[in-house]
Structure formats: structure tokens, C-alpha cells
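2 protein chains.
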Amino acid sequence: MAANQIQLDHGSGGRASQELVARVFLPHLGNRFLNDLNDSAALSWDGLRLAFTTDSYVVDPIFFPGGDIGRLAVCGTVNDLAMRGADPLYLSAGFILEEGFPFADLERILQSMAAAALEAGIQIVAGDTKVVPRGAADKIFINTSGLGQIPAGIDIAGQNAAPGDVILVSGTVGDHGLTILSRREGLAFESPLRSDAAPLNGLVRLLRDVCPRLHVLRDPTRGGLATTLNEIARQSQVAVEIQEESLPLRPAVIAAAEILGLDPLYLANEGKLVAFLPETDARQVLAAMRSHPYGREGAIIGRVLPENPGRVILKTAIGGRRLLDMLTGEPLPRIC
Amino acid sequence: MAANQIQLDHGSGGRASQELVARVFLPHLGNRFLNDLNDSAALSWDGLRLAFTTDSYVVDPIFFPGGDIGRLAVCGTVNDLAMRGADPLYLSAGFILEEGFPFADLERILQSMAAAALEAGIQIVAGDTKVVPRGAADKIFINTSGLGQIPAGIDIAGQNAAPGDVILVSGTVGDHGLTILSRREGLAFESPLRSDAAPLNGLVRLLRDVCPRLHVLRDPTRGGLATTLNEIARQSQVAVEIQEESLPLRPAVIAAAEILGLDPLYLANEGKLVAFLPETDARQVLAAMRSHPYGREGAIIGRVLPENPGRVILKTAIGGRRLLDMLTGEPLPRIC
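Top to bottom, those sequences are chains L and W.
Numbering of the first sequence is given in our numbering, commencing with residue 1 and proceeding in unit increments.
Numbering of the second sequence is given in our numbering, commencing with residue 1 and proceeding in unit increments.
There's no promise every hint is true.
You can't tell identical chains apart in this list, so a pair holds if it fits in one copy or across any two.
What the hints assert, rightly or not - Straight-line C-alpha distance at most 25 angstroms; calculated DMTMM-like pairs for lysine to aspartate or glutamate:
(1) 139 - 99
(2) 315 - 60
(3) 139 - 279
(4) 139 - 19
(5) 315 - 19
(6) 315 - 46
(7) 315 - 98
(8) 139 - 46
(9) 139 - 281
(10) 139 - 245
(11) 315 - 209
(12) 315 - 297
Worth flagging that the hints you see were computed from the coordinates, not collected in a lab.
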């Protein structure tokens, strides 16, 4: 029976999600834009290049340290545009509200969206609200879709990683996912966890200026860094090797992940990016990254290898090498 | 308590929905695009004019005579673009699925979306899927956002109705809303009701070619024809007068509405439009409308008057005149 039905891990961003897209969605809806599997579609109108993307946000709890569903809904879509090298400009916002949802919570979420929009420098230009009877939805779901402009000469996509590329991450990983999951489990830690939810378009603009030849940008959300690297390795048909000891991790995240039995490499981030770029530019890009408030803990974490295309290898601190797979079989529902 | 919470009629598209937008959403998110209250935002890039819109679909039941949630999700957003005079080009699709949702139903919905996209001549270029645990959503919700191009010289908006304008409707009203509500009540009628869900961009292209001076186009969805006319009367600060006897209504709709105690003028349509245009073009536009499969039962239903701005008046068959208000206090949840 279960085989004929949607399971929680179809939404976790890992292998099951990808199979759902490949086996169910693409056969019906596929076209050259969707088949591309990038964070945004890149559309062209006589010389003008636009990025277009959509995401629904169903995070539970809706308020959490470091953000709320509203901040997430703005930042997540801004980031999906930025990961194509686009300057995000306009967002739409579609709300599904459960009957009985408190106005006070709605206002708090809208304030948070307005603040995130201001920070990102975008405008929310289209909206829609639906209300469903009590029990037909859990509190509030938000969809945001976004439009951005891709500057001339910029070509950033998951297909563009090349052997020799250096891989950077813009800061600590696992913060968002672990914050949500600890909240849900009712765990409190001594050094508090905070979601990293943030708009990354300013950081991307900076990196783009320093290195117009950026090959790949991607924000490791659902499925975490490990899944994102696997996606890129597969799309570019290259191998990715990362050094365990170079991964930025907060001590609080390490501690909480151990207690919950989770690997931070598979946990969602909402204010981080990974960048693939030619080695010659790596030092300069890293310096630029660290000069930005959202890239201060940026690090070089690995490189792209020509052999074993599609594989992601983790070099451990003690010198071992292990295969890092996509997230698989571990349902982490409503993380974003 | 209820005053502090979202109520079902905040989502019905009538007065409560408008108050929610005006009192809660616009104070936080308002800008010149949102404040406009049109079906799409009109965006400009050096000469290029784009329409951008979003809608979430939460209809219950998800399958119904004449369509399903997938057809609705494509047609509704295509129509919101077309109502700005735009040629719809690209859609995004965001799915929220409940754990346990049958694959067979999902495939049927995707087939239906693909067919509607083909009919409308648009491409779905961006997508997202979230899964929530059993009970956190009811089966499936779909958000579609859309992008279209507004041809040069076209200026169609709710603000443009002018005294002397003639008002046309493209066919029978109330079909969609009544189909959904009868299904939900488990009512079966002798002459079956069918939703009118259809993409109207082809019809709009035809009308636009015949009359580039079209003032207003709007699809009377939630809240029905009466609410839509009230919105336009208010936005353009004019009065609207319509003739009861000129309104196209299916006998099956009249019968079912009587049984359910509902007024077809307040019931949703998903494949109809109202058009406001200069009187000199009315006959020609009506002829063009009737030549199109989705406008065959089109009719001239009224005109715009200068006095009593903001009012909508219904002239009854026996010569009386009554004020036609917005939908108010009648929650019709999950109609689209």
C-alpha cells in the first residue's frame, strides 16, 4: 500500500524527493527548464535574462530562534534566485491559512516578511490568501515565487562544475535544521541554537563581482550539504571531494546532532551557499566572502575531481575516505 | 475570541477577504503594485512589460465534473495574467502533499495540468514539492504563479472603467461554484452541473485584437460576478448597472442554486470573464466573443454610469432596481 502513496521522505529533499520528481513529475510536466533541475529557471526575452522560481514553506514550528515561516519564505526564494547569479527583484506571496489562525501571529509573520524583503531589497508585488476549515491545514503555509534579473555574462548552474574547481561554503552547516528539530523535540541546549535564515543576494553580488566566472552556486537547504553536493556531482558528471576537518560547524550543532543522532551534513541550511569556481580565483573569493556579514565563517572545503563522476567523497580527519550519499530514508518533515 | 482569528469568510473573496487585505496585509506589505488590487502586477523592464501573479488552489473535492485541482491551478493563473491583457508564457507550480496521498491521484492531476498547459500554450518552468504529515494538510494544495507579456499599447486594469462603457460577460455564471458545492453536499441533479474551468487567454487575445481599447477585464472567481463588479465599481469610482434578464444562466444552475439557497451571482466562475469597453466597440467585441468556443454564450449585461460611484445596481426583470452588494458573511470555503 505504502508504495502507492506519498511518503514523508518524498518531501525531505533527498533521494526519494528526486525520484518523485524524476518518475512522477517530469514525465508529465518535463521540459528543458524543469529537466534542468536548477534552483531557478533562466528565461530569455530579447537580451533580457530572468530567473523564475517557486517554493512553498510548511515549517513546523512556525516561530523559531533566528526566524519564522515568513522570514524563511522571503529568504528561501530570494536565495533560489541568487543561486542562478540573478539579482532578485520581485516576489509573490500566496498564503493558505487555517480557520482560527490568530491575527497576532499573522501580523508577526507579515512584519517579518516585510523586514526580510527590505533587507533583501526586493518587493512583494502579488499576493493571494486562501482559508481552509479547521483541521484541513496546520496553521499557515506560504508559497513565494520570485523573479530576478541575470546580468549579462553570468552563467551559474549545477551543470557547470569542472575538474580542478575549488569548493567553498559560506559558513557553518546544519544550524537551521537542528534548530527546528530540537524545538520540535522540546530540547533546550546550553548554547542556544539559531536558524541561519538570511537573504544571500548581497553576498552573491559580491562574489559575482570578484569572480564573474563562478561555476556553481547552491544553497544547501533540505537534504543538507551532502545532498546538495551529490546533486551537483551528478548534474556536472564530476566527483566532489571534501575535507571533514575543513567543514565549519558550531559546537552547539555538533552537541545537539549527537544527542539527536543526526548528521549536520544532512541538515537544512537557510542562509548558506556552496560555490564552485576556478582554483585561480579561490583565495580572492574566500577573502570577499569573509568580508560579508553572511560569509564571515566561510571556508574552502574541497575540490572537484575528474574520476568517479557523480560521487561525493568525504576525507575524514584521520585520513580515511568515505562515500557521502544523498539523504535517504530519513524523513525530516516540515523543516522549511 | 473569533474577532482575533482568521474566519472562513476571510477566504471567500468577498467583503471579509477585502478587509483582511486592506487591514492586515497591505499595512505590512503594501506598495504601488499590491495596493493596485489587480489580478496581476504589471512590471516594466526597459520597454518590456510583464504581468506577474500568484494563486493557491485548495478546492475540495479535488476531482469534480469539468475539471480537477490541476486544471484549476493552470487555468486560474493563466486567466489572472490574461485579465491584465497579457499573453501568459510561464508558470511555476508548488505542491503541498499530505502523507499518504495516492500516486494515482497525483498522476491524474499532473496529466490534467499538462493538458491545460498545452491548451493555454504555456510552459511550467519551475516547481517545488513539500510533504506534510497525515492530518497537517487535506490531500493536496497547489500554488501556481505566472508570468506573461503585456503587448505595447494595452492598458487593462480595474481602475479603467469609464461612464458610458458597456459590460459584457463571456458566458453563463455560477457553474463552477455550484458544481463544487453540489458535489460536496452529495446532490445529484438531472441535468448535470459542470465546472467551466478553462484558460481564457485565447479569448482575450481575440478581444484585444478587435478592441485594443478594452478598459477592464476580470474573471469573476471567488465572490462571483456581483463581487467582481463591486470591486471594479470601487476601483474606477463609477456605478455599474446590470440587467437581470440579460445574465446568461444555465437552467441546471438556476435549479440547483434554488435548492441550495444560493445566488449564482455570488458563485465562483473559473472560465468566464467580464469586459468593460467603449460602447462603439461593443457589438464587434460581442460578435468576436461569440465566435470563440469559450465565449459562445457571451452577452451584453449592463453599462457604466457616472452617478453613485462604487455602487452596483441590478435592474430586475419586472423593472425594479436593487443594490447588489459584495459577497458578505456567507463562507463558501475551498471553492477554488
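**Q.** Which numbered hints fail
**A.** 2, 3, 5, 6, 7, 8, 9, 10 and 11
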